[in-house]
Amino acid sequence: MSYRLAQGGRLINRAAPQTFRFNGKSFTGFAGDTLAAGLLANGQMLVGRSFKYHRPRGIVASGAEEPNALVGLGSGNSFEPNQRATTTELFEGLVAESQNHWPSLDFDLLAVNNLVPQFLTAGFYYKTFLQPRAFWKHVYEPIIRRSAGLGKAPAPEARDPNRYEQIYAFCDLLVIGGGIAGLQAALSAAQAGARVVLWEQTAHWGGRAPVDGVEIDGAPAQNWIETTLAKLAALPNVQLRLRCMGAGVHDHGYVLGYERVTDHAPDLDAPRHRLWRMRARRIITATGAIERPLSFAGNDLPGVMLASAMRDYLVNYAIAPGREVVVVTNNDDAYRSAIALRKAGIGVPAVIDARAHATGPLPEAARALGIRVLTGKGIRKVKGRKCVTGVEVCRIDSKGTAYTDTFSCDAVAMSGGWSPVVHLWSHCGGKLLWDDRGHFFRPDPSRPPLGADGAGFVQVCGAANGDLGAVLEGAHGAGQKAVSAPLTPAPAQEKLESEAPMEPVWIMPRRAEYDLRTKMWLDFQNDVKVADVQLAAREGYHSVEHTKRYTTLGMATDQGKLSNINGLAVLSDALGQPIPATGTTTFRPPYTPISLGAIGAEARGATFQPLRKTPLMDWHAAHGADWEPVGQWRRPYTYLRPGEKRHDAVNREVRNARENVALLDASTLGKLLVRGPDAGKFLDMLYTNMMSSLKPGACRYGLMCTENGFLMDDGVVARLDEQSFLVHTTSGGADHVHGWMEDWLQCEWWDWKVHVVNLTEQFAQIAVVGPKARVLLERLGGMDLGAQALPFMGWREGKIGGFDARVFRISFSGELSFEIAIPASQARAFWDRLMAEGADMGIMPYGTEALHILRAEKGFIMIGDETDGTVIPQDLGLNWAISKKKDDFLGKRGMERSAMQNPLRWQLVGLETVDGSVLPHGALAVKAGLNANKQAITEGRVTSSYFSATLGRGIALGLVERGPARMGEVLSFAGEGKTRITARIVDPVFYDKDGAKQNV
Amino acid sequence: MSDLATSALPGAEFSGFVQVREAGLHGMITLRGDLASGTLAAALHNATGCALPAQRKVTRAEGFALAWMSPDEVLILCPYAQAPALVATLAQALAGEFATVANVSDARAVFTLSGPGWRDALAKLCPVDFGAMAEGDIRRTRAAQVAAAIWVSGPQEVHLVCFRSVAGYMFDLLSTAAAPGSEPGLYA
Chain A
16 MSYRLAQGGR LINRAAPQTF RFNGKSFTGF AGDTLAAGLL ANGQMLVGRS FKYHRPRGIV
76 ASGAEEPNAL VGLGSGNSFE PNQRATTTEL FEGLVAESQN HWPSLDFDLL AVNNLVPQFL
136 TAGFYYKTFL QPRAFWKHVY EPIIRRSAGL GKAPAPEARD PNRYEQIYAF CDLLVIGGGI
196 AGLQAALSAA QAGARVVLWE QTAHWGGRAP VDGVEIDGAP AQNWIETTLA KLAALPNVQL
256 RLRCMGAGVH DHGYVLGYER VTDHAPDLDA PRHRLWRMRA RRIITATGAI ERPLSFAGND
316 LPGVMLASAM RDYLVNYAIA PGREVVVVTN NDDAYRSAIA LRKAGIGVPA VIDARAHATG
376 PLPEAARALG IRVLTGKGIR KVKGRKCVTG VEVCRIDSKG TAYTDTFSCD AVAMSGGWSP
436 VVHLWSHCGG KLLWDDRGHF FRPDPSRPPL GADGAGFVQV CGAANGDLGA VLEGAHGAGQ
496 KAVSAPLTPA PAQEKLESEA PMEPVWIMPR RAEYDLRTKM WLDFQNDVKV ADVQLAAREG
556 YHSVEHTKRY TTLGMATDQG KLSNINGLAV LSDALGQPIP ATGTTTFRPP YTPISLGAIG
616 AEARGATFQP LRKTPLMDWH AAHGADWEPV GQWRRPYTYL RPGEKRHDAV NREVRNAREN
676 VALLDASTLG KLLVRGPDAG KFLDMLYTNM MSSLKPGACR YGLMCTENGF LMDDGVVARL
736 DEQSFLVHTT SGGADHVHGW MEDWLQCEWW DWKVHVVNLT EQFAQIAVVG PKARVLLERL
796 GGMDLGAQAL PFMGWREGKI GGFDARVFRI SFSGELSFEI AIPASQARAF WDRLMAEGAD
856 MGIMPYGTEA LHILRAEKGF IMIGDETDGT VIPQDLGLNW AISKKKDDFL GKRGMERSAM
916 QNPLRWQLVG LETVDGSVLP HGALAVKAGL NANKQAITEG RVTSSYFSAT LGRGIALGLV
976 ERGPARMGEV LSFAGEGKTR ITARIVDPVF YDKDGAKQNV
Chain B
31 MSDLATSALP GAEFSGFVQV REAGLHGMIT LRGDLASGTL AAALHNATGC ALPAQRKVTR
91 AEGFALAWMS PDEVLILCPY AQAPALVATL AQALAGEFAT VANVSDARAV FTLSGPGWRD
151 ALAKLCPVDF GAMAEGDIRR TRAAQVAAAI WVSGPQEVHL VCFRSVAGYM FDLLSTAAAP
211 GSEPGLYA
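Chains A and B, in that order, are what the protein sequence lines are.
Residue 1015, in this note's numbering, is where the first sequence stops; the numbers in between run on with no holes.
Residue 218, in this note's numbering, is where the second sequence stops; the numbers in between run on with no holes.
Just to be clear, a hint being listed does not mean it is correct.
[What the hints assert, rightly or not] With a straight-line cut-off of 16 Å between C-alpha atoms, the simulated EDC-like cross-links for lysine to aspartate or glutamate are:
| hint | chain 1 | residue 1 | chain 2 | residue 2 |
| --- | --- | --- | --- | --- |
| 1 | A | Lys398 | A | Glu339 |
| 2 | A | Lys696 | A | Glu737 |
| 3 | A | Lys768 | A | Asp758 |
| 4 | A | Lys710 | A | Glu852 |
| 5 | A | Lys696 | A | Glu763 |
| 6 | A | Lys814 | B | Asp102 |
| 7 | A | Lys768 | B | Asp64 |
| 8 | A | Lys398 | A | Asp420 |
| 9 | A | Lys787 | A | Glu852 |
| 10 | A | Lys768 | B | Asp167 |
| 11 | A | Lys696 | A | Asp902 |
| 12 | A | Lys167 | A | Glu112 |
| 13 | A | Lys768 | B | Glu103 |
| 14 | B | Lys87 | B | Asp33 |
| 15 | A | Lys768 | B | Glu127 |
[To be verified] Non-contacting residues of chain A with respect to chain B, defined by C-beta distances greater than 12 Å in every case (computed):
| hint | residue |
| --- | --- |
| 16 | Thr601 |
| 17 | Thr622 |
| 18 | Leu626 |
| 19 | Lys628 |
| 20 | Arg811 |
| 21 | Arg981 |
By construction, these hints were calculated from the structure, which means they are not laboratory data.
Built from N, CA and C at the ideal position, the CB exists for glycine as well.
Let the hints inform the model, and build the full structure from the sequences given.
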């Protein structure tokens, strides 16, 4: 069992104890501990259950690569699953729980999966649950869901109370990784004057060097680290940032950095995470290397740890992994752990070395401390159920049928060599080389990720580059090269013991039999074993990407940081080919998972999306507005009076507009100023009808189509003067039509002299509608609005009641109507004035639903209701708005295609139900019989349907096959289920067909 | 009728690690045309006293400023009440040119950010290298999900211009970005 030593621990502050809870139990750690260190200090080696087999699992690593120690952190609104204990800094009051256990961590019923070795092998899901088909949904899936999985989601009603943010930054050189290589690279580049940023994912600078006992310039590495940091901090062109992980490298030097600002101190009033969106001219990754496990039976038992991690816990946190530790290795580096453990007074019964000889300075130093070294041996199996009780040792080249030695121990340190962290190099296309000495993939400097200039924009230095010995010289050169500084000799040198080459051991022992191979874990998090990968190979999975998905190797939250190389070595061996021929799976961002909060950043709550407000929105809100979203605007659907139902409010508003005077906030309408000598010619191309013939002072309704002839937008165009037109678009179409115009002007007709200025927000637009509209406006005075002075489809500019106004005599309701454009800043005052002046006339505002009903009663089409991207103007009986005089306009040719000329096209008609009810919106008209697909045969659909308060019955517009030629016919519309609603085809203009009411 | 005119968020203010303030009504005129035209430059100089700005620059004279917007567009800043008359003056002076003058004062909202941390606050919203921006510079960019123009108007002050309809969203964004405790320590 692990425990805290009485002395030591370079990162902990023994004067600052911190209390935390794990699975409801209270523990004490120290400031500076990680949660993993805190758990180990308290002897808590069992931290979770495995994904498929529910095997007991302990902490295996000390950093981002940890596959096992995933916990649920926090509670309630702050609960977050799958947090790595090894990268979670301890704080007072931390609450954590283990995952994937049922019912408890110590006693897990589902560990029964573990008793049947063939259960859940590679491809198990695909093979086992095919039949009977119905069983998958009702039997297999519920059981597997309970059994498998990592963590649980926060409660559905939980809301994260933390804030998050993103930030954009720029630099000449971004160095990722603050070990001694990264520090040196940053300093060398910064001293050449470059703008340098250095990120380190942990809370400490210097990486492994202090733990490994590296000496720099004759002194402990820590001295050099502190001096270098001081030099960097003194430079104004350097930014240093701890707890900031380089998450992903993307094209054009775009790098995401994940800064965990308050994870270690949740009481700080600051954003929890900050996502850096960095543009770097050049990038150096100094991301170090990750030690590989060895594949021996029982290598997943709690107490089996990476040798380097054990050294980390010992040196950084003064934690002993156990009282007796057996070290198993294929390289010299693991002897550092053996030596450190022994020097700390911990028993090291043996170092099991797979190599035939171990005679370098490190093995000799271990022997000098009295540690027994067994060469040419490996671990046959680890003994114990929930914790290590001992190991059986066998010859490395044997089948492992019998052991040669046994040792009692309560922990095993394993070292299978190192894998450079090449993820960030690879994200954007950097290629890898297989290194025959170190037996790992390392970056191929001749094939870097390429930037826009064709040059590589990422360099690698330190252990990430495969330099497992001295790194400072290479880092210095990389830093200077990255910023094109003249190269100088390295300013510092480190001293390391020389190491003999490692010897690859992918399976221990090398000819292990099946029962051992089924207990050799490759991917701890996803429960993938040596036998699974070998089975996949036998079943024909030769591609590493296919094997990954078939076996789930490397597919968990750790993305195979420990399992990748071991897995593909086993696969290569099974396929009888060298590892580089197998290749690796693709490294994709992020390096470790980043929070959704950081991705969403400020886009939540009030700032989730821009909410566009007209100048009158506050008035609407104060007067019962029942909102409906219209693009990013929100418009009143209706104005509810106290106790009033929606339907009643809408009917009241409709009747009032027909009988009295009513106001509509039409400010969201698009208003584009189109100006220039060629403006008329331009609009003739954009609209189906003629606009160039329009006279100043007059308005014309027009249709805009796509090149294919489909109706895209409509609205009223006013000619302001010889060169100027004001184009009104639909509310939703304003930005699109503006972009559409600029597209044609910039890309096709670039020599036409036309400017487009978007004035949508310059003016509020208020429609004054109803028989009393003119009387009301005359009360305000200032402009002659008589039928002679301002005829229908005319506009005038002037003052009304002292307000700057442009009045358009246009009507979308069929009533006498004035649409008044007012500078946005004056709109509220003008609206208030109208409401006050009209009070005795019964003035009321009306919302979008009344607007729709009023226009539908008049048979006016609405873009998006009567059109859906497949409708041409001719379908809507708008032939009158298509010029026959013009040689060309956008959509003209499209309308001439045979499908558009088909006489059977569905065309606009009015629809009245026989019983006066309201047709369901979108209902289809069905004929007797079925088509070849056994579906009902349809001959039309409802495009708009309302209760008409004016007529006291349901009215609808619809598109019906040959509709206008079938007036009076009764159609059958499909309702809910099998119900059918009969409706008669009628004229689409339901009210005041002659237009008497608007022409007064 | 400018006495009846109100800006989008009159008096809105937020004190964080920078001061955010809605700056009230500003006169703004869009001028599109050939910026190489001598007539255009002369008309602008006569009307405002400002020289034509270079790319991404703002020029100033008493009460007026000209901001470069694009290769064929400048924005004229003036007192709110003077905008209509200035539009008329410029339209007349440019009658023979292919040029468009439009009053856009009411289409916009203006915020000022003051304090040494303005770059740090805006860096959270805009993909801009603010380290490369000095007094007299202007950038058209976006702030989170909406368009914005940022003019460095003083040693520790910027004007941010956005569409009037999103003034509320912008104010919330700026207040969030400037919230105490969230200083990123990037520029300041």
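Going through the hints against the structure:
1. Proposed proximity of A:Lys398 and A:Glu339 is supported: the alpha carbons are some 14 Å apart, at most 16 Å.
2. Taking the CA atoms of A:Lys696 and A:Glu737, the gap is near 12 Å; set against the 16 Å cutoff, the hint holds.
3. For a cut-off of 16 Å, the pair hint linking A:Lys768 to A:Asp758 stands: about 14 Å separates their Cα positions.
4. For a cut-off of 16 Å, the pair hint linking A:Lys710 to A:Glu852 is broken: about 34 Å separates their Cα positions.
5. Taking the CA atoms of A:Lys696 and A:Glu763, the gap is about 14 Å. The hint holds against a cut of 16 Å.
6. The hinted pair formed by A:Lys814 and B:Asp102 fails the criterion: a straight-line CA distance of about 33 Å is larger than 16 Å.
7. For the hint pairing A:Lys768 with B:Asp64, the CA-to-CA distance comes to about 11 Å; that is within 16 Å, so the pair holds.
8. Note on A:Lys398 and A:Asp420: the hinted pairing holds, with a Cα-Cα distance of about 13 Å set against a maximum of 16 Å.
9. Distance hint between A:Lys787 and A:Glu852 is fulfilled; the C-alpha atoms sit about 12 Å from each other, no more than 16 Å.
10. Restraint check for A:Lys768 and B:Asp167: the C-alpha separation of about 30 Å exceeds 16 Å, so the hint is violated.
11. Our distance criterion of 16 Å between C-alpha atoms is met by A:Lys696 and A:Asp902, whose separation comes to about 12 Å.
12. Straight-line distance between C-alpha atoms of A:Lys167 and A:Glu112 comes to about 11 Å, which keeps the hinted pair within the 16 Å bound.
13. With a CA separation close to 14 Å, the supplied pair A:Lys768 and B:Glu103 stays within the 16 Å bound.
14. Distance check on the hinted pair: B:Lys87 and B:Asp33 sit about 32 Å apart at the alpha-carbon level, beyond 16 Å; violated.
15. For a cut-off of 16 Å, the pair hint linking A:Lys768 to B:Glu127 stands: about 11 Å separates their Cα positions.
16. Remark: the non-interface label on A:Thr601 is consistent with the geometry, its nearest Cβ contact in chain B lying 28 Å away (cut-off 12 Å).
17. A beta-carbon of chain B comes within 12 Å of the beta-carbon of A:Thr622; the shortest separation is about 5 Å.
18. The Cβ of A:Leu626 sits about 6 Å from the closest Cβ of chain B, inside the 12 Å cut-off, so the non-interface label is violated.
19. Against chain B, the non-interface label of A:Lys628 is violated: not every CB pair exceeds 12 Å, the least being about 5 Å.
20. Distance check on A:Arg811: its Cβ is at least 17 Å (rounded) from any Cβ of chain B, clearing the 12 Å threshold; non-interface status holds.
21. Every CB of chain B lies more than 12 Å from the CB of A:Arg981, the least distance being 45 Å, so the non-interface label holds.
When the structure is compared with the earlier hints, violations turn up for hints 4, 6, 10, 14, 17, 18 and 19 and for no others.
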